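Q: One letter stands for each residue in the lines below.
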Amino acid sequence: MSLNRQALLRAYRRMSEIRAFEDRLHEENATGDIPGFIHLYSGQEAIAVGVCENLAPTDYIGSTHRGHGHCIAKGCDIDGMMAEIFGKDAGLCHGKGGSMHIADLSVGMLGANAIVGGAPSLAIGAALSAKTLGNGGVAASFTGDGGSNQGTVFEAMNMAVVLKLPIVFVIENNGYGEATGTDYAVGAPDIAARAASFGMPAVTVDGTDFFAVHDAAREAVERARTGGGPTTIEAQAHRWFGHFEGDAQLYRTPEQVAELRATQDPLRIFRSRVDARKVKAAEFDAIDEESRARVDAAVAKARAAAYPPAENLLTDVYVSY
Amino acid sequence: MSLNRQALLRAYRRMSEIRAFEDRLHEENATGDIPGFIHLYSGQEAIAVGVCENLAPTDYIGSTHRGHGHCIAKGCDIDGMMAEIFGKDAGLCHGKGGSMHIADLSVGMLGANAIVGGAPSLAIGAALSAKTLGNGGVAASFTGDGGSNQGTVFEAMNMAVVLKLPIVFVIENNGYGEATGTDYAVGAPDIAARAASFGMPAVTVDGTDFFAVHDAAREAVERARTGGGPTTIEAQAHRWFGHFEGDAQLYRTPEQVAELRATQDPLRIFRSRVDARKVKAAEFDAIDEESRARVDAAVAKARAAAYPPAENLLTDVYVSY
Amino acid sequence: MATSKKTYREAIKDALAQEMARDATVVQIGEDLRGGQAGTNPDLETKKIEAFGGVLGVTKGLWTEFGSDRVIDTPITESAIIGMAAGAALTGLRPVAELMFMDFFGVCYDALYNQAAKFRYMFGGKARTPMVVRGMIGAGFSAAAQHSQSPYNVFAAVPGLKVVAPSNAYDAKGLLIQAIRDDDPVVFCEHKTLYDQKAEVPDEAYTLPFGVANYTREGDDVTVIALSAMVNRANEAADKLAAEGISVEVVDPRTVSPLDEEGVLESVASTGRVVIVDESAARCGFGHDLAALISTKAFGSLRAPIELVTPPHTPVPFSPALEQAWLPSAARIEAAVRKTLAV
Amino acid sequence: MATSKKTYREAIKDALAQEMARDATVVQIGEDLRGGQAGTNPDLETKKIEAFGGVLGVTKGLWTEFGSDRVIDTPITESAIIGMAAGAALTGLRPVAELMFMDFFGVCYDALYNQAAKFRYMFGGKARTPMVVRGMIGAGFSAAAQHSQSPYNVFAAVPGLKVVAPSNAYDAKGLLIQAIRDDDPVVFCEHKTLYDQKAEVPDEAYTLPFGVANYTREGDDVTVIALSAMVNRANEAADKLAAEGISVEVVDPRTVSPLDEEGVLESVASTGRVVIVDESAARCGFGHDLAALISTKAFGSLRAPIELVTPPHTPVPFSPALEQAWLPSAARIEAAVRKTLAV
Ligand SMILES: Cc1ncc(C[n+]2csc(CCOP(=O)(O)OP(=O)(O)O)c2C)c(N)n1
Ligand SMILES: Cc1ncc(C[n+]2csc(CCOP(=O)(O)OP(=O)(O)O)c2C)c(N)n1
Ligand SMILES: [Mg+2]
Ligand SMILES: [Mg+2]
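Chains as they are written, first to last, in the UniProt record's numbering: chain U, 1 to 321; chain R, 1 to 321; chain W, 1 to 343; chain L, 1 to 343.
Since the hints were made in silico from the structure, they are not lab data. For clarity, every value in this text was computed on a predicted model and none was experimentally measured. Just so it is clear, CB atoms sit at the ideal spot from N, CA and C, and this is done for glycine as well. Careful, some of the hints might be misleading.
Unchecked claim - FRET-style restraints, in silico, Cβ to Cβ: (1) W:68 to U:228: 54 to 60 Å; (2) R:218 to L:64: 46 to 52 Å; (3) R:303 to W:92: 42 to 48 Å.
What the hints assert, rightly or not - EDC-like, lysine to aspartate or glutamate: derived pairs with alpha carbons at most 16 Å apart: (4) R:164 to W:196; (5) L:126 to U:77; (6) U:164 to R:183; (7) W:126 to R:77; (8) U:301 to U:28; (9) L:126 to U:28; (10) L:60 to R:183.
The following block holds chain U by itself, in its conformation from the complex (with noise of 0.2 Å):
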């Protein structure tokens, strides 16, 4: 942790900003204006922001069906992933891709993902490119607990450390696909493990501690950077909501959730691990403030914001055709 003061505050502004945002989207879809399902990240924040904060605007990562924190922590613009959610033309991809085709490459944001399993090979793709232009980029993708079963993840290790490409896998670990307990889905002792006989280093950390998240990723970014090949890191941290909205998560109870929420919150952990003097706790509280209104403000202007004119339907399916 010899993170300093300024990449302290930024790493917990992001964090809050997920949070804000995922807590208010939990509201605003209860309304009934959201089209289409969302899929929550609140509970994970420490994962996307501890890998983000190592990666460059240049580099590239690969997301998922959950992907909010992951665009938030990558730079993505809050207005823009606010109407596009909302289904409204200013929304990052025009209303057409929604809460999980959210993309933004020019922050280096490859898109959410509606397949599960779908970012690892498009990542090491963005990893080729890096390798084969020798620009020193990384990528890095998120794929869940459920997702790392898919065998296309299980081929895109292999290509990685064949290749030695600079990417790290990041394996969030939440306990669950869907409502699936991954201690069924995972016939595996140990995903990182798995993942190591790939021929790759691989590591475990605690998902809702930020900085165990942060110097893993650090150490991963450092090694892709400097041609060293892939890493896998599994990170373990709960979901705080259902699957997806509307999920009536009969799998877990309330109370369970509940503790989650007392004892696991990613954003109340950093605040502990961070030395009073270094932020104040009014310093953090201001920033949570802030990403509210920040949300407010991204609800209020995609509510305001115009649907994508009838015409746009035929817009954007080829460069040429």
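The hints should help you fit chains R, W and L with the ligands onto chain U, whose structure is shown.
A: The following block gives chains R, W and L with the ligands in isolation, referenced to the frame of chain U:
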């Protein structure tokens, strides 16, 4: 090595038949009368036979593009196989399948497979049938070292562990996938260890040594049959011919192949490991002679056989349509 | 037979439950089929919470009734799911695999199209592969480009596969029971916007044959051919036109493969005018298949050009504003009918 | 421009080599691309044996010229290959991925149809995915059911993909260079029976535009539309018929998507009689797509029913006896032409 004389002779005969079959096909192919592509198994005989000698006719195997050895080991009719490879109506698949799709469900052979990595997921299906029907059946799948990198293979492994399926995953490491070395394409230090990381026992054996394969397979099949779940066996043995008939084998020297034939001949190794008082050399010689005669006859019949009648083009697409 | 109002979802669940009860070789395979019960949450074990039946909710109750050995919850590994189902079908089971969204066929298509569909032919008739792959199709719920497709055209192009896409609860139950009893691999496409629609459905098991179209309404002037969710839209348009004295016949093929060629051609022969409504694709879709059938085999009876109503050649957009414009609408069908009559 | 006789294979290799030399962002990705050099065989290292260029032999020489960083040999993992190509295309490269046999799309289709093809639309126009997926199609070599298919109909149904299927060496080079320079994902289908066919091909780089059909022969009586290897068969039939004074126009669309609708319709307008020859599928194929196009947009000019010549609705059989009967033959095309003239 507690096999009785009868079992030894049977196993040797299977291996000898495979050798005769493949060596002869190598010659037949040169005549130009065999349609399509064939991939020969010579050099790997001990693997197919070592595994299948532990299986009952009601057990199932799934195979690869290099499937002749598996077929013979599992009890497919040699005449039917040869006629199939020549594209004749008398073939096991009436000429509709060819070398890469020989199948005979009546002896538990689920088909050669032209899709690399195709067998494991099919074989876990056979294992699921056995488990569900409670008939004590077991399934085995064969996959090459190259194919062992396919995502679907890993998926099948995980599924088998999760559902505790009675299956043996056999990985035949013959050093190459087409012309590409295993040392290049498999990033992992160890194929068996990679499989083990999925949560099952996995061993590496000398695939030129029937007895090593047989021991490992016996243990694995027993485990499967008694509800102990899946096992992976990596068996190492080089192929003697090119990847397919026509392969110029730029990736290895003729001297290397000669050396291989001299020192890693599964049949010769088998003979050397059997007490000469138990089975005499002349008996082995006689089996070899019989195998060649068996294959001679099969070739003669296949050549004399008729091509499928044109009307067969439209049959056997559906059970009913 | 006693009947009752059932939703499309309930009708499907009914079919699954009744076939499982009838035949011990019928098993369900899919992700989250016993969701809520999987894992080892100690606080839940005693509670016996009913599995929620997968994200579609279709299999709700099955796990409780038949247990983990017949309602097989799997990891998220579609290629192993479909491959396992194919292997199981070859060796004595009648598996029903739930693919959740048919859009996911891209991660597991080999097992379906190169393996299951071809076994019988490649093996010279010596295999049967009685399996069903169920999954959702269709746009309309803002599920976006990767969760809204209707690739039954792709499946129908595969010799060896049968492809079913029921438009109502009654058909869904009868066709699904047929699919499970069928000895060939069947892809069963459930339109996500139909799950809550109700119809009078017999309580007992019954089958509907494949390859028999349903004339959901008879008419003299124009034949409208529509499948799955498009049938409702076609009938909506027909209602509207009926008020003006235009008599529309709506033909629902119900199964894409086999296709009731005769049933389709008969209607075309009687009206001479055709509108085809299809959600699958703007290119190489099922609509084009029908148009080809009609233009090659009923050319003589056509009195006007065939009208083809499909989505545009674009992915399915997320925003409802665009998605509604993407889907063939009753208004577009109506306009197409008028156009054929204007010739 | 200087030209020389080149095989289809050489023309393709030419295109790859010239584009790699021109543009450092063009990379080859595929299995066995440097076969013979991979691995660590110590006896070979000093020998500098040239890589054999993959099983197709198409990339022979490229590895020697451009090295392992631009001719990227991969494990047998198609899903990672196509996914990697898609990710690389999004981020600055112009990858050309070799899928060997297009039949393998079943193990990697998600990366192509749900990812690469949809990025631009899903991302609101903010992405480009300039990649090419090359692979073999077609029956005729007894490669059996899993190595003989021509699924360009499936690819063409996907908005966002472009689909090319050249019928000769000249087209192959020009279209492949266009494909590599194109900013959209392109599926490039090489018919395995054409690799050794020669044509006069310019030595320098040139492009042919997508969506422009080639009239391989002009004629007045009947339009025959054929693609890829079927073009030769169509011309063979046309030769035969010409001897009897029947004048056949053979139209090769060259690209399935985009499709030269005008070019096709123009020919149909002038002849009024159409035979469509297509190897892709007996249901929901490219042939049906063409028939739909013509019957909806050129109904008025049709003087006879469209004739559709496709393989039967069966997998590709192995035995040459059956496989030759499976493939649309010049004789069947000839018969179809006569049939349209008999009306
Ligand atoms: C290929 C594919 N299969 C299934 C799904 C349906 N699905 C969406 S999210 C999800 C669970 C994913 O679990 P996990 O990877 O652990 O991520 P988490 O939701 O826990 O973040 C499933 C099964 C999908 N979108 N794509
Ligand atoms: C999915 C798929 N990819 C590629 C191929 C082409 N191919 C056929 S055999 C082969 C090599 C397989 O190597 P390995 O698994 O080691 O088996 P071996 O040939 O050595 O027995 C390849 C790449 C294929 N048939 N299927
Ligand atoms: Mg999870
Ligand atoms: Mg090998």
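Q: Decide, hint by hint, whether the structure agrees.
A: Comparing the hints with the structure gives:
A hinted range of 54 to 60 Å is violated for the C-beta pair residue 68 of chain W and residue 228 of chain U, which are about 44 Å apart. Between residue 218 of chain R and residue 64 of chain L the C-beta distance comes to about 48 Å, which sits within the given range of 46 to 52 Å. Taking the beta carbon of each, residue 303 of chain R and residue 92 of chain W are about 37 Å apart, not inside 42 to 48 Å as hinted. Our distance criterion of 16 Å between C-alpha atoms is broken by residue 164 of chain R and residue 196 of chain W, whose separation comes to about 37 Å.
Among the hinted pairs, residue 126 of chain L with residue 77 of chain U is consistent with the structure: their alpha-carbon atoms are about 14 Å apart, no more than 16 Å. In summary, the hint linking residue 164 of chain U to residue 183 of chain R is supported, as the alpha carbons are separated by about 14 Å, within the 16 Å threshold. For the suggested pair residue 126 of chain W and residue 77 of chain R, the alpha carbons sit about 14 Å apart, so the restraint of at most 16 Å is met. Under the criterion of a C-alpha separation no larger than 16 Å, the hint pairing residue 301 of chain U with residue 28 of chain U is consistent with the structure, at around 13 Å.
Annotation: proposed proximity of residue 126 of chain L to residue 28 of chain U is violated, straight-line Cα distance about 27 Å (limit 16 Å). Taken as a hint, the residue 60 of chain L and residue 183 of chain R pair is broken in the structure, with Cα atoms around 22 Å apart against an allowance of 16 Å.
Checked against the numbered hints given earlier, this structure breaks hints 1, 3, 4, 9 and 10; the rest are met.
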